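Please model the entire structure based on the sequences and the hints provided.
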Amino acid sequence: MTTTPTNDKLIEVRDLRTYFYLYEGVVKAVDGVSFEIRQGRSLGVIGESGCGKSVTAQSIMRIAPEPPAKHVGGEILLHLGRDGNGEVVDMLKLDPHGDRIRALRWKEIAMIFQEPMTSFSPLFTIGNQIGEAIQLHLPGLSKKQVRERTIDLLGRVGIPQPKRLIDAYPHQLSGGMRQRAMIAMALSCNPRLLIADEPTTALDVTIEAQILELIATLQQEFNMALMYISHDLAVVSEMSDEIMVMYLGSVMEQAETGEIFNNPLHPYTQALWRSIPRIEGGQDRLVPISGTLPSPYNLPKGCPFYTRCEHRMPGICDAARPPMIEVSPNHKVSCFLYKQE
Amino acid sequence: MSVQTSVQMNDPAQPMTSATSLLEIKNLRKWFPVQRGFFKRTVGYVKAVDGVSLVIQPGETLGVVGESGSGKTTLGRCVLRLYELTDGEIWLRDGERMLPVHELEGKELRAFRRNAQMIFQDPYSSLNPRMNVLETVGEPLLVNNVAKGKELEDRVTEVILQVGLRVEHLRRFPHSFSGGQRQRIGIARALVVRPKLVVADEPVSALDVSIQAQILNLLKDLQAEYRLTYIFITHAMSVVRYMADRIAVMYAGKLVEVADKESLLTHPRHPYTEALLAAVPRTTSGRNVKRVVSVGEVPDLANLPSGCVFHPRCKYAVERCKVEEPELRELDGQLVKCHLAEQLTLRGIGPSPNGAGKG
Chain A
1 MTTTPTNDKL
11 IEVRDLRTYF
21 YLYEGVVKAV
31 DGVSFEIRQG
41 RSLGVIGESG
51 CGKSVTAQSI
61 MRIAPEPPAK
71 HVGGEILLHL
81 GRDGNGEVVD
91 MLKLDPHGDR
101 IRALRWKEIA
111 MIFQEPMTSF
121 SPLFTIGNQI
131 GEAIQLHLPG
141 LSKKQVRERT
151 IDLLGRVGIP
161 QPKRLIDAYP
171 HQLSGGMRQR
181 AMIAMALSCN
191 PRLLIADEPT
201 TALDVTIEAQ
211 ILELIATLQQ
221 EFNMALMYIS
231 HDLAVVSEMS
241 DEIMVMYLGS
251 VMEQAETGEI
261 FNNPLHPYTQ
271 ALWRSIPRIE
281 GGQDRLVPIS
291 GTLPSPYNLP
301 KGCPFYTRCE
311 HRMPGICDAA
321 RPPMIEVSPN
331 HKVSCFLYKQ
341 E
Chain B
1 MSVQTSVQMN
11 DPAQPMTSAT
21 SLLEIKNLRK
31 WFPVQRGFFK
41 RTVGYVKAVD
51 GVSLVIQPGE
61 TLGVVGESGS
71 GKTTLGRCVL
81 RLYELTDGEI
91 WLRDGERMLP
101 VHELEGKELR
111 AFRRNAQMIF
121 QDPYSSLNPR
131 MNVLETVGEP
141 LLVNNVAKGK
151 ELEDRVTEVI
161 LQVGLRVEHL
171 RRFPHSFSGG
181 QRQRIGIARA
191 LVVRPKLVVA
201 DEPVSALDVS
211 IQAQILNLLK
221 DLQAEYRLTY
231 IFITHAMSVV
241 RYMADRIAVM
251 YAGKLVEVAD
261 KESLLTHPRH
271 PYTEALLAAV
281 PRTTSGRNVK
291 RVVSVGEVPD
301 LANLPSGCVF
311 HPRCKYAVER
321 CKVEEPELRE
331 LDGQLVKCHL
341 AEQLTLRGIG
351 PSPNGAGKG
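Here the protein sequences line up with chains A and B, keeping their order. Its first residue numbered 1, the first sequence is counted upward by one per residue in the numbering used here. Its first residue numbered 1, the second sequence is counted upward by one per residue in the numbering used here.
For the record, the hints were derived by calculation from the structure and aren't laboratory data. Here the structure is a predicted model, which means the values were calculated and not measured. C-beta atoms are modelled at their ideal positions from N, C-alpha and C, and glycine is treated no differently. Where hints are given, some of them may not hold.
[Unchecked claim] Take a look, some chain A residues computed to stay more than 12 Å from chain B by CB distance:
#1 Glu12
#2 Tyr21
#3 Lys28
#4 Gly74
#5 Glu75
#6 Glu87
#7 Pro96
#8 Arg102
#9 Glu115
#10 Ser119
#11 Glu132
#12 Gln145
#13 Tyr247
#14 His311
#15 Ala319
[What the hints assert, rightly or not] Below, in silico cross-link-like pairs of lysine to any residue (SDA-like), each with a Cα-Cα straight-line distance of 25 Å or less:
#16 A:Lys339 / A:Phe35
#17 B:Lys40 / A:His171
#18 A:Lys28 / B:Lys220
#19 B:Lys220 / A:Asp232
What follows is the structure, given as structure tokens:
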């Protein structure tokens with residue numbers, strides 16, 4: 001930590017609403033999501049496909065496709081300056097194609113994606129593409145300095161023989177190496193927040209372990225905050241200080257990693273935990289979550305999990321959205337079963 | 001659950017001695033030629049499966065695990081003769097005698113397919129979008145001359161209900177189903193001919209986490225009901241822990257370890273198994289736990305390292321491993337392909353945990 005705990009907010013998301021206006025109807029991909037990430041800390045975001053975890057990340061970066069996406073409400077406050085006393089920018093108020101956001105992307109917030117092959121252009125060498133990012137955000141460096149910095153970065157992410165592979169094209173690298181190159185590019189301008197959207201899902205388990213270890217080490221080295229998105233419980237638990245569980249565009253529960261695994265409160269979190277096979281074993285039979293996902297065009301009026309919840313209370317849960325309440329310090333849950341302390 | 005976990009494996013190099021086995025694979029090889037130049041000259045081979053021997057008992061689930069490129073899918077397809085074998089034998093029990101699957105042609109091969117079916121990974125690309133459920137699931141009955149007309153519809157209806165679909169789904173087309181439902185259609189199609197052996201190739205990898213449990217439970221229930229035998233191919237160790245009775249670990253086209261599930265997970269004998277288990281993220285380990293992460297990547301299958309295929313990545317490797325390829329041999333009931341298996345004490349996954357969390 002570089003500052004006092006009260007002043008180390010890096011990003012605050014308040015009541016974010018990102019809707020997609022499609023021909024078939026409106027999809028409320030993110031519907032009232034609030035959270036904050038402090039400097040140097042890591043937040044894991046977990047949920048099934050369609051729960052809005054990727055759209056939340058894309059909204060922060062302002063790379064959600066607009067249209068059809070539209071940010072209909074909320075704010076995303078980015079606190080500038082390493083001491084936390086700098087200017088505060090609302091990312092949603094910026095022009096997504098403007099100079100200001102281009103200066104913030106990559107330099108303040110960088111993102112790595114699931115499939116590194118599609119994130120790189122196949123026409124340029126990786127050195128060329130990483131160098132371009134450095135030149136754009138850190139002007140004034142000579143070509144030679146940019147190249148040296150790129151080689152240094154490639155070495156730091158564990159690419160063997162960086163002096164040679166800087167001139168490789170993306171297709172010449174394996175999946176794991178491409179993901180390392182992607183991470184090098186994301187770190188090229190010392191961002192304060194790294195958003196990782198399922199960066200290891202396409203990789204084999206031994207390569208995944210290497211990449212997870214790399215991200216965790218670099219997070220410490222660069223003193224970055226991390227927002228780690230995945231559907232894999234175990235991966236998220238290894239990467240995060242805190243975990244946020246999302247379902248159909250809403251946050252169901254948020255707590256510290258150990259707490260949310262030992263003491264899950266929300267019926268959805270509990271059901272999810274019971275339905276997933278674990279390597280540790282001890283499960284005689286998995287318990288699938290009953291029912292199916294409701295249509296995204298027509299979500300339930302109250303709690304989004306109402307239709308599948310085993311503790312649902314008709315007349316209460318389907319009448320209004322349950323508020324997010326803090327049940328114990330740093331453990332928040334959005335469910336009518338719980339009362340504020 | 002079957003009781004086959006305690007059944008001892010036969011020495012795979014020997015002819016069949018077990019009177020109960022359902023399937024025996026002997027020294028199976030599948031080499032894909034690498035062709036270069038204008039005349040498509042064969043310049044080498046990708047040894048996708050290279051000398052695999054296995055015995056599978058009726059009613060058991062054999063999990064086959066390994067990284068991509070380890071040959072597990074090729075093995076599964078060879079067993080069903082979806083690929084022509086380069087070399088080796090496959091024997092399937094047919095009553096009292098064993099059927100030489102590797103030699104079957106024409107009519108006999110089709111009859112064999114009634115006994116052995118496959119469930120595919122991707123429920124989106126493995127169904128024909130122009131065929132409705134009745135046609136899709138009924139097709140194996142039709143091409144195998146098992147049933148037609150009213151009888152076919154009855155049998156399809158029966159199996160559809162068993163996999164958790166409804167009668168009104170029969171006339172619908174694949175696009176109107178979710179991923180989990182499509183996988184149910186794929187399972188129904190495999191099971192409608194009442195096979196003995198089912199090869200399931202990553203059947204839940206393309207599905208969402210909450211749907212996976214439904215499909216895994218369905219596969220278990222169907223196994224109990226029809227005494228099915230599964231070859232369950234997956235890269236997910238947690239899924240194999242839930243499903244399998246025995247586990248076979250593949251690396252670069254070869255079996256490196258075969259053992260019953262609990263022994264393999266808690267006391268692996270091969271360094272690759274240890275590395276694979278160490279790589280699996282756990283919900284109980286929490287943050288900042290340093291894991292033993294194996295270095296390097298899977299070797300090029302057209303250009304394998306000398307000696308033991310795993311030696312370039314193995315932290316225990318000695319000089320002998322670089323020159324001499326170890327045999328797959330039995331050690332306390334586990335089959336292991338490592339020179340050092342007796343000397344090494346390897347770390348597996350502990351028995352079932354109590355409590356989780358950080359620190």
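Hint check:
1. Glu12: Holds, since 23 Å exceeds 12 Å.
2. Tyr21: Since the minimum Cβ distance to chain B is about 23 Å, Tyr21 (chain A) lies beyond 12 Å and the statement holds.
3. Lys28: Since the minimum Cβ distance to chain B is about 19 Å, Lys28 (chain A) lies beyond 12 Å and the statement holds.
4. Gly74: 27 Å, holds
5. Glu75: Fine: 29 Å to the nearest Cβ keeps Glu75 (chain A) off the interface.
6. Glu87: 31 Å, holds
7. Pro96: 30 Å, holds
8. Arg102: At about 33 Å from chain B, Arg102 (chain A) clears the 12 Å cut-off, so the statement holds.
9. Glu115: At roughly 14 Å from the nearest Cβ of chain B, Glu115 (chain A) sits farther out than 12 Å, so the non-interface label holds.
10. Ser119: 20 Å, holds
11. Glu132: Since the minimum Cβ distance to chain B is about 28 Å, Glu132 (chain A) lies beyond 12 Å and the statement holds.
12. Gln145: Holds: least Cβ distance 31 Å, greater than 12 Å.
13. Tyr247: 10 Å, violated
14. His311: 17 Å, holds
15. Ala319: Its Cβ never comes within 12 Å of chain B, the nearest being 26 Å, so this holds.
16. A:Lys339 / A:Phe35: 20 Å, holds
17. B:Lys40 / A:His171: 24 Å, holds
18. A:Lys28 / B:Lys220: Roughly 37 Å between the alpha carbons, so the hint for Lys28 (chain A) and Lys220 (chain B) is violated.
19. B:Lys220 / A:Asp232: 23 Å, holds
The earlier numbered hints that this structure contradicts are 13, 18.
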